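**Student:** Next come the chains, spelled out residue by residue.
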Amino acid sequence: MADENNTDEREEDENISPWQQMIDNPFLLLFIGVAMPTVFYTLWGVMEIASIPVAPY
Amino acid sequence: MAQFRQCPDTGLFFHKEAENLMKANAVAGVVCLLIGGILALLVVLTRWPAIHLLPADSFYMVLTAHGVCALIFWMIFFEMAILYFAGSTLLRSRLATPRWAWAGFVMMVIGAVMTLAAIFGGKSSVMMTSYVPMRAEPHFYLGLVIFAVGALIGCFVYLGTLVVAKNEKTYEGSVPLVTFGATTACIIAIFTIASGAEILIPTYLWSIGYISHIDPAMYRLIWWALGHSSQQINVAAHVAVWYLIAGVIFGARPMSEKVSRAAYLLYIFFLQLASAHHLLTDPGLSVEWKLFNTSYAMYLAVLASMIHGLTVPGAIEVAQRKKGLTNGAFEWLRKAPWGNPVFSSMFISLVGFGFLGGISGVVMGTEQISIIIHNTIYVPGHFHATVVIGTTMAWMGLTYLLIPVLFRRKMIFPQAAKLQPYIFALGMSMVAVFHMAAGTLGVARRHWDMGFAGNPLGFEYPATAYLLMGIAGIGGVIGVIGGALFCVIAVGSLVFGEKLQKEAGLLQSFGVPLADSAYTNEKPARLPMAPAEAVEADHGESGFEAPGTFILAMVLLVSFVIYYFINWKYLSEVWGIS
Ligand code: HEM
Ligand SMILES: [Cu+2]
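Residue numbers (the numbering used here), protein chains in the order written: chain A, 328 to 384; chain B, 143 to 720.
It is worth saying that the hints were derived from the structure and are not from the lab. The reader is advised that the hints may include incorrect statements.
[As the list claims (entries may be wrong)] Quick list of simulated restraints, FRET-style, between CB atoms:
{"hint": "1", "chain 1": "B", "residue 1": "K477", "chain 2": "A", "residue 2": "V366", "range": "48 to 54 Å"}
{"hint": "2", "chain 1": "A", "residue 1": "V366", "chain 2": "B", "residue 2": "R277", "range": "30 to 36 Å"}
{"hint": "3", "chain 1": "B", "residue 1": "E310", "chain 2": "A", "residue 2": "V373", "range": "39 to 45 Å"}
{"hint": "4", "chain 1": "B", "residue 1": "E310", "chain 2": "A", "residue 2": "Q348", "range": "18 to 24 Å"}
{"hint": "5", "chain 1": "A", "residue 1": "V373", "chain 2": "B", "residue 2": "I193", "range": "32 to 38 Å"}
{"hint": "6", "chain 1": "B", "residue 1": "K308", "chain 2": "A", "residue 2": "V366", "range": "26 to 32 Å"}
{"hint": "7", "chain 1": "A", "residue 1": "N342", "chain 2": "B", "residue 2": "V716", "range": "55 to 61 Å"}
{"hint": "8", "chain 1": "B", "residue 1": "G596", "chain 2": "A", "residue 2": "A362", "range": "50 to 56 Å"}
{"hint": "9", "chain 1": "B", "residue 1": "L699", "chain 2": "A", "residue 2": "Q348", "range": "33 to 39 Å"}
{"hint": "10", "chain 1": "A", "residue 1": "Q348", "chain 2": "B", "residue 2": "F472", "range": "36 to 42 Å"}
[Stated by the list, open to error] Over 10 Å on every C-beta distance to chain B, these chain A residues come out as not near it, computed from the model:
{"hint": "11", "residue": "N342"}
{"hint": "12", "residue": "P345"}
{"hint": "13", "residue": "G360"}
{"hint": "14", "residue": "P383"}
{"hint": "15", "residue": "Y384"}
[What the hints assert, rightly or not] Covered, in the sense of this in silico footprint (three residues per stretch, anywhere, with C-beta under 8 Å from a C-beta of chain B), are these stretches of chain A:
{"hint": "16", "stretch": "350-357"}
{"hint": "17", "stretch": "362-376"}
Remember, predicted model here, so these are calculated numbers, not experimental data. Glycine included, each C-beta is placed from N, C-alpha and C at the ideal position.
Here chain A stands alone, though its shape is the one from the complex:
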């Protein structure tokens, strides 16, 4: 048990780097992983296709 307490303390004491904090936060990663392709692939692509002029009848 004493052992466990130790690790708890260590977790709180240690100042976790921002890098580590990002890596440890699945929801932040989820946001990045959805936002990147949505912006660069989907939205950008949709804008390009939508701006193709319609052929005159």
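Using the hints provided, position chain B with the ligands relative to the given structure of chain A.
**Tutor:** Here is chain B with the ligands on its own, set in the frame of chain A:
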């Protein structure tokens, strides 16, 4: 009260609810692989020019079913099992909301059956890509949507489990690397499924006449956000399986946790943008869009794969060298357990994915040279290397690992299981290589009759092209035999394998809970933090602690460079300058 059991051989903890879900999903996956494999035989025998088995209409129907069953259903069912394993077992945590997970599973089964029923009804032979304006029956799309929603629920159950594990402090520090890899797969899956909903729901509405028109260019754009990303779920997950198997078999620890995690992070940032390589020949999209998404972004994702491809064998090498296998550059590899199908499947997956799949993939993703092989049988050659030799073989290795550990059965036919990975790999490598070769000569993919007989636009292929397709056909038959052997061993072990635990009855192999006597109510001890990094501590940062791996990587690089330039040479010959 969450109930757990500990596997006496591996020490892994299984949460009762989670393990049943893993079993059900894995079994459903293998059933889909089995169906996909039977269909593969029909497809490959039709594309073997001398046999030309099926008539045209059933060829396209069977090809549609093969793609959907193997690529979508087999992969995603199995991935659900992996997510539950990585979230629950590896974190020693109970699974969040198992009822929802079951609801997701049931939806996936219903969706899969519905879509297959539509395909075999004969009026939905639209290929797995279902490009508009081809119109399938409404329940083709509806089934896929229901399947996808089921999978989405699974993803959220996984994320919920991460939260539970964190709150209940089931592990110290950060999640293990394999779980991190599974998280990456889960994130990519969520984007994939969202894109799928974005395009398949409107297409469904169009198929029932509610919407009058779907723009084909727009369809292709959004569909490939689904189609390509779904392959990246596979990549992220099979890389995690490589790490897992390397850890279980060799006690190998990642050479550097930080580097491996950073590589996964590159996947999260960039992997999905490479979807654009499917649209390289599409009009309407600018060169800037194509180049940004396929070059700059894709190469960063490729870099990440190369890092994984290097660190996994590197970690194995380091672990083997520690055990004293230090002679020469390759003793560690020669003396690896090649007779253990868990290892051989995994290692073939790694090498095949890198050499066959990776190299051809980069060539296809390069705008200029991709045009040489666009829409030829080269493309199926490439992706059978990635998704069959790469992902499917990794799943097969994991299945062999899980038969005793998760299903508590002894594997039947151990001698045949030793050979199975080699048979399958031989056949599928032949399919991959000879399809690529035939594609270079221009043989079309998804085509019932490569000679276009009786067609005003007929084309005379050189005799070599027919020969290559014939050899690919032989390879395909060998591959199907290897795949069938896997299904027989896997399913046979669940039914007839010796019980390693008295509770592991027949129904229990398919997801019915083990009797309570198999579990305890005691919470598993907390998962300790990974010990300080083995390699960095022992060897400093020289980077040469794995010389054999380094040599392999150089061989890969040289092969790649040569092949890349050969393709530019081909390109230069397409239009002669006079
Ligand atoms: C068991 C051995 C297998 C053999 C012999 C085989 C063979 C083939 C052949 C000959 C084609 C047709 C190529 C064409 O005419 O365009 C094909 C297509 C395809 N295969 Fe396989 N395959 C096998 C396993 C798999 C597996 C395990 C997967 C997925 C994990 C898979 C995914 C696909 C996909 C997605 C297509 C493309 C369908 C389309 O164009 O719509 N195959 N396969
Ligand atoms: Cu792709």
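**Student:** With reference to the structure, classify each hint as holding or not holding.
**Tutor:** Each hint, compared with the structure:
Distance hint check: the CB atoms of B:K477 and A:V366 are about 49 Å apart, consistent with the given range 48 to 54 Å. Here the CB-CB span from A:V366 to B:R277 is close to 32 Å, well matched to the stated 30 to 36 Å. The beta-carbon spacing between B:E310 and A:V373, approximately 42 Å, falls within the hinted interval of 39 to 45 Å. Checked against the given bound of 18 to 24 Å, the beta carbons of B:E310 and A:Q348, roughly 20 Å apart, stay inside it.
For A:V373 and B:I193, the hinted distance range of 32 to 38 Å is not satisfied, since their beta carbons lie about 44 Å from each other. About 29 Å separates the C-beta atoms of B:K308 and A:V366, a value consistent with the hinted range of 26 to 32 Å. In this structure the hint that A:N342 and B:V716 lie 55 to 61 Å apart at CB holds, the actual value being about 59 Å. Checked against the given bound of 50 to 56 Å, the beta carbons of B:G596 and A:A362, roughly 52 Å apart, stay inside it.
Checked against the hint of 33 to 39 Å, the C-beta distance between B:L699 and A:Q348 comes to roughly 35 Å, which is consistent with it. The beta-carbon spacing between A:Q348 and B:F472, approximately 41 Å, falls within the hinted interval of 36 to 42 Å. Remark: the non-interface label on A:N342 is consistent with the geometry, its nearest Cβ contact in chain B lying 14 Å away (cut-off 10 Å). At roughly 13 Å, the least C-beta separation between A:P345 and chain B is larger than 10 Å, which holds for a residue marked as non-interface.
Its beta-carbon lying about 4 Å from the closest one in chain B, A:G360 breaks the requirement of being farther than 10 Å from that chain. Listed as a non-interface residue, A:P383 keeps its Cβ farther than 10 Å from every Cβ of chain B; the least gap is roughly 17 Å. A:Y384, annotated as away from the interface, keeps every beta carbon of chain B farther than 10 Å; the closest lies near 15 Å. Counting residues of the stretch 350-357 of chain A whose C-beta lies closer than 8 Å to any C-beta of chain B gives 6; at least three are required, and the coverage claim holds.
Coverage of the stretch 362-376 of chain A by chain B holds [criterion: at least 3 residues with CB-CB distance below 8 Å; count 11].
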